[in-house]
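The listed protein sequences correspond, in order, to chains G and B. Note that our numbering has the first sequence beginning at 2, numbered continuously upward. Note that our numbering has the second sequence beginning at 383, numbered continuously upward.
Calculated from the structure, these hints are not laboratory results. Keep in mind that the hints are not guaranteed to be accurate.
What the hints assert, rightly or not - Some chain G residues flagged as far from chain B (calculated, every beta-carbon gap over 10 Å): (1) PHE31; (2) PHE63; (3) GLY67; (4) PHE104; (5) THR159; (6) THR236; (7) THR249.
Stated by the list, open to error - Among the chain G residues that face chain B by a calculated CB cut under 8 Å, a handful are: (8) LEU30; (9) VAL182; (10) HIS185; (11) VAL194.
Where is the CB? At the ideal position from N, CA and C, for every residue including glycine.
The lines below spell out each chain.
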Amino acid sequence: MDHAQPAVAHDKYYVPHGSPWPFFGSVTLFILMVGAVMTLESGGIGQYVLGLGFLLLFGLFFGWFGTVIKENQAGIFNMQVDRSFRMGMSWFIFSEVMFFAAFFGALFYARQLALPWLSGEGAKHLTSVILWHDFEGGWPSNGPAHLGPSGSGSTFETIPALGVPLINTALLLTSGVTLTVAHHALRAGHRSVLKVFLALTFLLGFLFVFLQAREYHEAYTELGLTLSTGIYGSTFFMLTGFHGFHVTIGALMLLIIWLRTMNGHFTPQRHFAFEGVAWYWHFVDVVWLGLYIFVYWL
Amino acid sequence: MKTVSTNNVSADRHDDHKPSGIGRWLFATNHKDIGTMYLVFSCIMFFIGGAMALAIRAELFRPGMQFFDPGFYNQMVTNHALVMIFGAVMPAFVGLANWMIPLQIGAPDMALPRMNNYSFWILPFAFTLLLGSLFTPSGGPAGGWTMYPPLSLQSGNSFPMMIFAVHLMGASSIMGAINVIVTILNMRAPGMSLLKLPLFCWTWLITAYLLIAVMPVLAGAVTMLLTDHYFGTSFFNPAGGGDPVMFQHIFWFFGHPEVYILILPAFGIVSEIIPTFSRKPMFGYDAMVYATASIAFLSFIVWAHHMFTVGMPLAGQMFFMMSTMLIAVPTGVKVFNWTTTMWKGSLSFEPPMLFALAFLFLFTIGGFSGLMLAIVPADYQYQDTYFVVAHFHYVLVPGAIFAIMAAVYYWLPKWTGTMYDMTLAKWHFWVSTVSVNVLFFPQHFLGLAGMPRRIPDYNVQFTDWNMVSSVGGFVFGFSQLVFVWVIIKAVRGGPPASAKVWDADMPGLEWSVPSPAPYHSFDTPPDVH
Ligand SMILES: [Cu+2]
Chain G
2 MDHAQPAVAH DKYYVPHGSP WPFFGSVTLF ILMVGAVMTL ESGGIGQYVL GLGFLLLFGL
62 FFGWFGTVIK ENQAGIFNMQ VDRSFRMGMS WFIFSEVMFF AAFFGALFYA RQLALPWLSG
122 EGAKHLTSVI LWHDFEGGWP SNGPAHLGPS GSGSTFETIP ALGVPLINTA LLLTSGVTLT
182 VAHHALRAGH RSVLKVFLAL TFLLGFLFVF LQAREYHEAY TELGLTLSTG IYGSTFFMLT
242 GFHGFHVTIG ALMLLIIWLR TMNGHFTPQR HFAFEGVAWY WHFVDVVWLG LYIFVYWL
Chain B
383 MKTVSTNNVS ADRHDDHKPS GIGRWLFATN HKDIGTMYLV FSCIMFFIGG AMALAIRAEL
443 FRPGMQFFDP GFYNQMVTNH ALVMIFGAVM PAFVGLANWM IPLQIGAPDM ALPRMNNYSF
503 WILPFAFTLL LGSLFTPSGG PAGGWTMYPP LSLQSGNSFP MMIFAVHLMG ASSIMGAINV
563 IVTILNMRAP GMSLLKLPLF CWTWLITAYL LIAVMPVLAG AVTMLLTDHY FGTSFFNPAG
623 GGDPVMFQHI FWFFGHPEVY ILILPAFGIV SEIIPTFSRK PMFGYDAMVY ATASIAFLSF
683 IVWAHHMFTV GMPLAGQMFF MMSTMLIAVP TGVKVFNWTT TMWKGSLSFE PPMLFALAFL
743 FLFTIGGFSG LMLAIVPADY QYQDTYFVVA HFHYVLVPGA IFAIMAAVYY WLPKWTGTMY
803 DMTLAKWHFW VSTVSVNVLF FPQHFLGLAG MPRRIPDYNV QFTDWNMVSS VGGFVFGFSQ
863 LVFVWVIIKA VRGGPPASAK VWDADMPGLE WSVPSPAPYH SFDTPPDVH
């Protein structure tokens, strides 16, 4: 992307007219947050407020993005606006990368520093001497108190890297290929190839989510591996959970651009939404590779 | 230059026709309207946070408990910080960015005007949530703005309100930052290469990058707090293999770049003002750009200097001490460049210049005390004392906030089209500058003598300097009403300001449009030399 280029190529400045959606969106977020606070603190009607918040959120996405899509189809965006959208999407993905970085950081810190210290190595030797002198550390670990679903003293098993996670890796990598094929088809004007491969991509995405959900079920019911299984459970479920959530969002976005494709949207030259979703999908893919290596494998 | 027309879509009019009624503000897409809303919001938050500060100084006027219980004192300390950082200083800089960046780069508006409005309107709701928590049965968050576990996990109903308020503020900041970056990279007038960019835009470009890099990390940190509290995770629980110190690492990985988010735009403002009132171009423009970038880079590798006393391997302490002291180099470059810009200039001392000069001297004091804090063995003595409080208030009040006031006094005639009351503004400057030193300088002595921060009571030996500090605090607080009065007067009317406003030859594009600036800044790309 031509980040550093001054805006020489634009022919018209475009400034959108006022829109109720941003304000509507702020109210939506407020209702969501109030609902979440009420649900966590007292239950009661909190979950209905939360539910209302999610409903409004769907309304927000359909309303706001719908408006932009209509404007785009009417051809009123110039190349400069298109470039703004692209840059905005790239920086948004960068912010997502940093969000995952926080959780990867927690994983590395726990494995490389916290657990060795708790088992008596290095600078914090006294913690081990005074509190948990028979704790061995190592990985995977649910900590010196062996926290888990049945309180302290729980045992758990991890999910082997070579089973479903390997299949899921293959699914996501394949979906990256099918998406690229779809993109080339779009640029070459082969609409039917585009439609088939785009559909394949989001189907692979949903299949990934389905397998991941089954794996979670197995972890909870058979392996004793839950969110409360010490630091292993915490990092495992928060990392794979946020990733799975992003895959779901990504697959939904793919579904939507597929529906738009079926409606004849996008041209070989102008297809920001397609590329934005594609970047997002590749980002989700790369995060998975990190997860597969550092969470499942090593 | 080719003539360019603006695309008119339904209600878009590029004469001075403004949308009418409340819709102009609720549904705004105009960068000036949104900038104004940001600045007004920031001003309200400044007074709310200031009232909390005065409550703190009233309690500390004498030893012993005077007005409220320690729990409420802790709530004041915590919320004062959150309100001032996320509600006053950051929105003020975003407001200035909104107003000035399109004007300075010759753009019609911000690149993503609707998202711009979204990022503003999230803020009032976020602060409703945060300040509303003060009225819950358990009271507001009281564990400090740094939210360290396990203390913060023991808050009552206010805990999730604080967490979600921080999430909302983060979302707002990230969207605001994306907008600034995209605007600067994509909307510059033809011919304005990056090394012709005004320094205010440069510092904001780098600030926006820092924001996008670290606000998500803060979101991650508070999300881990939330799941530790409600969903049984063990991130910060050693019994499950976690570590409460890990929170501090993740938090300060956000927190140190955050302090540059609070000061880099201030550097940019001062770099605009000093050349104007010295009637000389900025000395070492390129060096200023590279120094800003170096500070941003270094800000990612110094975070643990906030935690020297929590227990850290010696190698870690050494690394973070050295990297922190390295920051003095690019910061020194900046201070010397500002000074050299004034050298043999034909100086004049209008209110913006006065505030910029006070910034130069007083921010440097805060910089030096920061160097002292960076030295590990010395920090063992200073940690959690009033010396730290004095340090960061010197960089944030006569640093960031003075720069914001300088910016308002510099650009206000461009916004309102009228000259403000210079005499009142100078009064505001002198009373503020004297009282801010009366307020914060004695806190250095208190800290070196060992007075701990975040405690509502103290040993009688600290009484005298606390009284001095409280007197300074009240004078400073009430003198800010003068600032508001100057602005209100200027908005209501006054002698008309010329397009150039100041008696100097400034290169900035914002001075090429009339005062007040037209509702839509540039319909056609201006000439850039
Ligand atoms: Cu720091």
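Now the hints, each set against the structure:
1. A Cβ of chain B approaches the Cβ of PHE31 of chain G within 10 Å, the least distance being about 4 Å, so the stated non-interface status is violated.
2. With a least CB separation of 15 Å from chain B, PHE63 of chain G remains clear of the 10 Å interface cut-off, as annotated.
3. For GLY67 of chain G, the requirement that its beta carbon stay farther than 10 Å from each beta carbon of chain B is met, with the minimum near 13 Å.
4. Not every C-beta of chain B lies more than 10 Å from that of PHE104 of chain G, the closest at about 6 Å, which undercuts listing it as non-interface.
5. With a least beta-carbon separation of about 14 Å from chain B, THR159 of chain G lies farther than 10 Å from that chain, consistent with its non-interface assignment.
6. Distance to chain B contradicts THR236 of chain G as a non-interface residue, since its nearest Cβ pair spans about 8 Å, not more than 10 Å.
7. With a cut of 10 Å on Cβ distances, THR249 of chain G stays outside the contact zone with chain B, its closest approach being about 18 Å.
8. Proximity of LEU30 of chain G to chain B holds as hinted, the smallest CB-CB distance being about 6 Å (cut-off 8 Å).
9. The interface hint given for VAL182 of chain G is violated, since its Cβ lies 30 Å from the closest Cβ of chain B, which is over the 8 Å cut-off.
10. At a threshold of 8 Å, the smallest CB-CB gap from HIS185 of chain G to chain B is about 27 Å, leaving the interface hint violated.
11. Look at VAL194 of chain G: its Cβ only gets to about 32 Å from chain B, farther than 8 Å, so that hint breaks.
Violation of the numbered hints given earlier is confined to hints 1, 4, 6, 9, 10 and 11; the remaining hints are satisfied by the structure.
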